[in-house]
Amino acid sequence: MFKAVVTINFKKSILDPQGNAVYKALKSLGYESVRDVRIGKHIEVNLDVETKEKAEAELKEMCDKLLANPVIEDYYIEVSEVEA
Amino acid sequence: MRFGVVVFPGSNCDADCYHVVDQVMGHPVTYLWHGDKDLKNVDCIILPGGFSYGDYLRTGAIARFSPIMDKVVEFGEKGGFILGICNGFQILTETGLLPGALIRNPSLRFICKDSYLRVEQNETPFTGKYQSKQVIKVPIAHGEGSYVADKETLEKMEKAGQIVFRYSTSQGEITQEANPNGSARNIAGIINEKGNILGMMPHPERCAEAILGGEDGKLLFESLINWWQGGKA
Amino acid sequence: MSRELWKEMGLTQEEYTKIQEILEREPNEVELGMFATMWSEHCSYKTSKPVLRTFPTEGPRILQGPGENAGIVDIGDGQAAVFKIESHNHPSAIEPYQGAATGVGGIIRDIFTMGARPVAVLDSLRFGPLKSKKSRFLLDGVVAGIAGYGNCIGIPTIGGDIYFHPSYEDNCLVNVLCIGLIDQKDIAKGTAAGPGNPVMVVGARTGRDGIHGCTFASEELSEDSEERRPAVQVGDPFMEKLLLEACLELIKTGYVVGMQDMGAAGLTSSSCEMASRAGTGIEMDVAKVPRRETGMNPYEIMISESQERMLVVPKQGKEEEVKKIFAKWGLEAVVVGQVTDDGFMTIKEGEKVVARVPAKALTDMCPAYTSEAVEPEYIGPAQSYDLSTLPEMEDYSQTLLSLLGTCTIASKEWIFRQYDHMVGLNTIVQPGSDAAVLRIKGTNKALAATVDCNARYVYLNPYAGGKIAVAEAARNLVCSGALPLGLSDCLNFGNPGKPEIFWQFKEAARGMSEACLELETPVTGGNVSFHNETKGEAIYPTPVVGMVGLIKDLSHVTTMNFKKEGDIIILLGENKDELGGSTYISVIHGLEAGNAPEIDLKLEKLVQRSTLELIKEGFVTAAHDCAEGGLAVALAECCIAGNIGADVNLTDGIRGSSLLFGESQSRVIITVPKEKIDAALQRLKKLEVPYKVLGNVGGKALQIVGTGWKLRLDTAELEEKYREAIPCIMNS
Numbered sequence: 019m020f021k022a023v024v025t026i027n028f029k030k031s032i033l034d035p036q037g038n039a040v041y042k043a044l045k046s047l048g049y050e051s052v053r054d055v056r057i058g059k060h061i062e063v064n065l066d067v068e069t070k071e072k073a074e075a076e077l078k079e080m081c082d083k084l085l086a087n088p089v090i091e092d093y094y095i096e097v098s099e100v101e102a
Numbered sequence: 010m011r012f013g014v015v016v017f018p019g020s021n022c023d024a025d026c027y028h029v030v031d032q033v034m035g036h037p038v039t040y041l042w043h044g045d046k047d048l049k050n051v052d053c054i055i056l057p058g059g060f061s062y063g064d065y066l067r068t069g070a071i072a073r074f075s076p077i078m079d080k081v082v083e084f085g086e087k088g089g090f091i092l093g094i095c096n097g098f099q100i101l102t103e104t105g106l107l108p109g110a111l112i113r114n115p116s117l118r119f120i121c122k123d124s125y126l127r128v129e130q131n132e133t134p135f136t137g138k139y140q141s142k143q144v145i146k147v148p149i150a151h152g153e154g155s156y157v158a159d160k161e162t163l164e165k166m167e168k169a170g171q172i173v174f175r176y177s178t179s180q181g182e183i184t185q186e187a188n189p190n191g192s193a194r195n196i197a198g199i200i201n202e203k204g205n206i207l208g209m210m211p212h213p214e215r216c217a218e219a220i221l222g223g224e225d226g227k228l229l230f231e232s233l234i235n236w237w238q239g240g241k242a
Numbered sequence: 006m007s008r009e010l011w012k013e014m015g016l017t018q019e020e021y022t023k024i025q026e027i028l029e030r031e032p033n034e035v036e037l038g039m040f041a042t043m044w045s046e047h048c049s050y051k052t053s054k055p056v057l058r059t060f061p062t063e064g065p066r067i068l069q070g071p072g073e074n075a076g077i078v079d080i081g082d083g084q085a086a087v088f089k090i091e092s093h094n095h096p097s098a099i100e101p102y103q104g105a106a107t108g109v110g111g112i113i114r115d116i117f118t119m120g121a122r123p124v125a126v127l128d129s130l131r132f133g134p135l136k137s138k139k140s141r142f143l144l145d146g147v148v149a150g151i152a153g154y155g156n157c158i159g160i161p162t163i164g165g166d167i168y169f170h171p172s173y174e175d176n177c178l179v180n181v182l183c184i185g186l187i188d189q190k191d192i193a194k195g196t197a198a199g200p201g202n203p204v205m206v207v208g209a210r211t212g213r214d215g216i217h218g219c220t221f222a223s224e225e226l227s228e229d230s231e232e233r234r235p236a237v238q239v240g241d242p243f244m245e246k247l248l249l250e251a252c253l254e255l256i257k258t259g260y261v262v263g264m265q266d267m268g269a270a271g272l273t274s275s276s277c278e279m280a281s282r283a284g285t286g287i288e289m290d291v292a293k294v295p296r297r298e299t300g301m302n303p304y305e306i307m308i309s310e311s312q313e314r315m316l317v318v319p320k321q322g323k324e325e326e327v328k329k330i331f332a333k334w335g336l337e338a339v340v341v342g343q344v345t346d347d348g349f350m351t352i353k354e355g356e357k358v359v360a361r362v363p364a365k366a367l368t369d370m371c372p373a374y375t376s377e378a379v380e381p382e383y384i385g386p387a388q389s390y391d392l393s394t395l396p397e398m399e400d401y402s403q404t405l406l407s408l409l410g411t412c413t414i415a416s417k418e419w420i421f422r423q424y425d426h427m428v429g430l431n432t433i434v435q436p437g438s439d440a441a442v443l444r445i446k447g448t449n450k451a452l453a454a455t456v457d458c459n460a461r462y463v464y465l466n467p468y469a470g471g472k473i474a475v476a477e478a479a480r481n482l483v484c485s486g487a488l489p490l491g492l493s494d495c496l497n498f499g500n501p502g503k504p505e506i507f508w509q510f511k512e513a514a515r516g517m518s519e520a521c522l523e524l525e526t527p528v529t530g531g532n533v534s535f536h537n538e539t540k541g542e543a544i545y546p547t548p549v550v551g552m553v554g555l556i557k558d559l560s561h562v563t564t565m566n567f568k569k570e571g572d573i574i575i576l577l578g579e580n581k582d583e584l585g586g587s588t589y590i591s592v593i594h595g596l597e598a599g600n601a602p603e604i605d606l607k608l609e610k611l612v613q614r615s616t617l618e619l620i621k622e623g624f625v626t627a628a629h630d631c632a633e634g635g636l637a638v639a640l641a642e643c644c645i646a647g648n649i650g651a652d653v654n655l656t657d658g659i660r661g662s663s664l665l666f667g668e669s670q671s672r673v674i675i676t677v678p679k680e681k682i683d684a685a686l687q688r689l690k691k692l693e694v695p696y697k698v699l700g701n702v703g704g705k706a707l708q709i710v711g712t713g714w715k716l717r718l719d720t721a722e723l724e725e726k727y728r729e730a731i732p733c734i735m736n737s
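Residue numbers (the working numbering), protein chains in the order written: chain A, 19 to 102; chain B, 10 to 242; chain C, 6 to 737.
Just so you know, the hints here were simulated from the structure itself, not pulled from any lab data. C-beta atoms are modelled at their ideal positions from N, C-alpha and C, and glycine is treated no differently. Worth double-checking, as some hints may not be accurate.
[As the list claims (entries may be wrong)] Simulated restraints on C-beta separations:
id, chain 1, residue 1, chain 2, residue 2, range
1, B, 140, C, 72, 56 to 64 Å
2, C, 138, A, 51, 19 to 27 Å
3, C, 382, B, 184, 23 to 31 Å
[Claimed, not checked] Lysine-lysine pairs mimicking DSS-like chemistry, simulated, CA-CA at most 25 Å apart:
id, chain 1, residue 1, chain 2, residue 2
4, C, 417, B, 122
5, C, 446, C, 257
6, B, 146, C, 257
7, B, 146, C, 446
8, A, 83, B, 138
9, C, 705, A, 42
10, B, 46, B, 138
11, C, 329, B, 227
12, C, 568, B, 146
13, C, 138, B, 49
[Stated by the list, open to error] Partial selection, computed: residues in chain A whose CB lies under 10 Å from chain B:
id, residue
14, 89
15, 90
16, 98
17, 102
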């Protein structure tokens, strides 16, 4: 069994209204050091495949097809082996 | 002209679109179930507003994989008329039939109100009955209606006259204040290059009867039917 | 049985003993859990029942009174309106978004359970003043929650009312009214009739959500309520949309014997209430209930409050048809048991019986409590406070602007903009009017609906305040051109164990009953929410009235906006020199004192009847009820909505503050076109209703001239103050 964690974020060029709102909120709480906030999605997928490579390849396909929208989002996949 | 309104799980303007075609326009209309693959020989497909699949993951992302959508894409590519309203517009961008994407309103709030639109392009089957630059009042109701696309795409659409509606003031000025959702270049509705697929965030079906406060949306349906009848003649 | 367990579950010694008597043995844990939830105030109305029985509940239009999932009124042509109001106060105070969202979801289920298609939602909300961060947080979350659920499921939120007062600071009120439409032949009831018929659980899977939500709702909020957050359920409007469509499709087949939503006390309440209504029993196996979590025991399954589930009793042999319809909508439908003729709830886990209790014992045998009622000490001094000594404000214009900028009076656009109030293509009067109006497609009729309660009046004089709550709701409907048909009430009070609170409750109900009788608006059901207290301090007594009316002809639909230059403004009713309980003395003088405004139900009825007559006869171009802020605010609202001014002369020999800002009841402003004025006045004389011609519509300013004073403000200035107040606070 493999567990894939997919992180999806807006592309740098896309305005992230949620991130902006949280950025302002953090500033108003006094966190002066905050420079930027981006809010994305965290998706966990468990797969029953033989190899890590296979898991990664499948996940990439899933991202391109459904999980992310290439027009506005970038994604990052991390795969690790887990107990079945 | 025969219309088909696609019903996805979570569609909620399907009955409204059906009502307008049937009761206001007096044309035949049928529902198309998301799980079917039969377009029932319709001439125009409406992808209605709502929250298909609860808007989960991304608006329109899951709906585009419904069995019927393969047929809808095929239909559109062959030149069939498709009108995507609100969630329908979001689905059309997810399928790639229309460029760009729709993201959350900068206010992070759902907005339901009348909006003014300027008709930027009246040489389409959907807008022939509007005057060029006519200002119309059409309600919006969405949380994720901010249109985005890269600069190249926007330029290309501008040149090709694909931008059909822009949010404007009641006087027809395109200003930031008139833009309710931060859409790029105040874009409220766009059409594909071939001119047979229109996507728009505002709801023309909500202003097709005087009793509901306006009839500006009715002209869109009239335009389409007029084009269709002219084409047949 | 350990003493701690039944105590922990919120039962009293008396109740525990009664359970032992009924069963003639010790109850086990599952049985005890079932009794505890069913005998909680929330489900049993044990404290309120004797008072609720005094409400008039019958009338020629009433098809279904209290006791079912929702009330039903006849609207002619074989159609009916189904409606009910319910509270979700405590969950919303703890987790505003989900609390409000699941409140909306719950009441919508009550409506489609009856077979009706829900067509509108209205909300009655109460918060602390918005200067507090907590109140802003609660308002923001509650509005987003209502929007999140209602918009997604596609039922328009078309109106409501909202007040801000310190007594709600930590205990906000979220009351939701849902209205549905049905053909009378399709009405479904929550009965489990016909022994042998299968019992099915449909919709979402069962998890550990909201275990003991109804006992939670029946106690005061305390510091550690926050820690009990798991009691708050999470709503899934998408799932409910599917459930709604599947249930309505199922009802059309005629296979349904009975159906009930699983609300508070989940599977326990839905099953025993259905059996009890039919005089039957139910045997079911909890092991067959589809679950979302592993390791759930029978006790948890029986009392879970997971959302978006229903219990359906179809006709025997139709199980597969039911499953097919639900499968089409991507939902599960599972047979978990069957109707029996022994009157017992027999709960099994596999072959093992884990609980066996008479259904009626759970629904009907809870001991009723007649609490002591004592007039609170504050009443005397408050009512006898001498308001005639208050200094008269010099600048009435400034006072009017201050009132328009008060959150309770100011425009609520910031709120209803977030609600999809148009979906369904029926909303013909937008939120912000006296009442919301929905056309009924395919007919020339419309429904009007409103929610109302001025709790300050109820606090100062519960009896009069109760009457006014009903009268104002009816008046709002009349102003929109509707004949009021019936009401659903949501009675929000503090801890009824306190004699002062119970007195407020009894008195308010007494006033409401009288008004219901006089105005011919029976009570069709509702909800009681007690224990709205924090740190021992109760909220203002808030018996919210949700009322539905029928507009017989679309041409009768009337709105409040002044329309045409030259229209004559007429006031029906009487101006009195009274300021008690007014927003004016609260905002300007910082006082919550005086007696509630007088209310003469005979006059009220006459004013309402006359208003409706004139509307029907085509005299009226605008109508608006005088409420918070008095005559001046009412006139200003008509001007703002119409974007036009008015010239008004007030000749009553009453001091300016009372005349302009006093909240005398039974007053309606109407406008009549100049050419019809003579006929209209004749008509009013014939109706023998008191009236005054106030002036005429026109210009760009509202001008009111009295004896020795003048108020004049540009409409634009009124509007800015009125529209900016709430956004200014919430968007900062």
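The hints, checked one at a time:
A beta carbon spacing of about 59 Å between residue 140 of chain B and residue 72 of chain C agrees with the range 56 to 64 Å that was offered as a hint. At roughly 24 Å, the beta-carbon separation of residue 138 of chain C and residue 51 of chain A lies within the given 19 to 27 Å, and the hint holds. At roughly 59 Å, the beta-carbon separation of residue 382 of chain C and residue 184 of chain B lies outside the given 23 to 31 Å, and the hint is violated. Annotation: proposed proximity of residue 417 of chain C to residue 122 of chain B holds, straight-line Cα distance about 13 Å (limit 25 Å).
Distance restraint check for residue 446 of chain C and residue 257 of chain C: the Cα-Cα separation of roughly 19 Å lies within the 25 Å cut-off, and the hinted pair is therefore satisfied. With a C-alpha separation of about 38 Å, the suggested pairing of residue 146 of chain B with residue 257 of chain C is violated against the 25 Å cut-off. In summary, the hint linking residue 146 of chain B to residue 446 of chain C is supported, as the alpha carbons are separated by about 23 Å, within the 25 Å threshold. Between the alpha carbons of residue 83 of chain A and residue 138 of chain B the distance comes to roughly 39 Å, so the proposed pair goes past 25 Å and is violated.
This hinted pair does not check out: residue 705 of chain C and residue 42 of chain A have alpha carbons roughly 41 Å apart, beyond 25 Å. The straight-line distance between the Cα atoms of residue 46 of chain B and residue 138 of chain B is roughly 33 Å, outside the 25 Å bound, and the hint therefore fails. Between residue 329 of chain C and residue 227 of chain B, the direct Cα distance comes to roughly 38 Å. Violation of the 25 Å bound is thereby established for this hinted pair. Restraint check: the Cα-Cα separation between residue 568 of chain C and residue 146 of chain B comes to about 20 Å, which is no more than 25 Å; the hinted pair holds.
A hinted pair counts as satisfied when its Cα atoms are at most 25 Å apart, and residue 138 of chain C with residue 49 of chain B does not qualify at roughly 56 Å. Satisfaction of the interface hint for residue 89 of chain A is found here, the shortest Cβ-Cβ separation to chain B being roughly 4 Å, below the 10 Å cut-off. Look at residue 90 of chain A: its Cβ gets to within about 5 Å of chain B, closer than 10 Å, so that hint holds up. Residue-level restraint check for residue 98 of chain A is violated (minimum Cβ-Cβ distance to chain B is 23 Å; threshold 10 Å).
Hint status for residue 102 of chain A: violated, given a least beta-carbon distance of 26 Å to chain B, over 10 Å.
Going through the hint list in order, the structure does not satisfy hints 3, 6, 8, 9, 10, 11, 13, 16 and 17.
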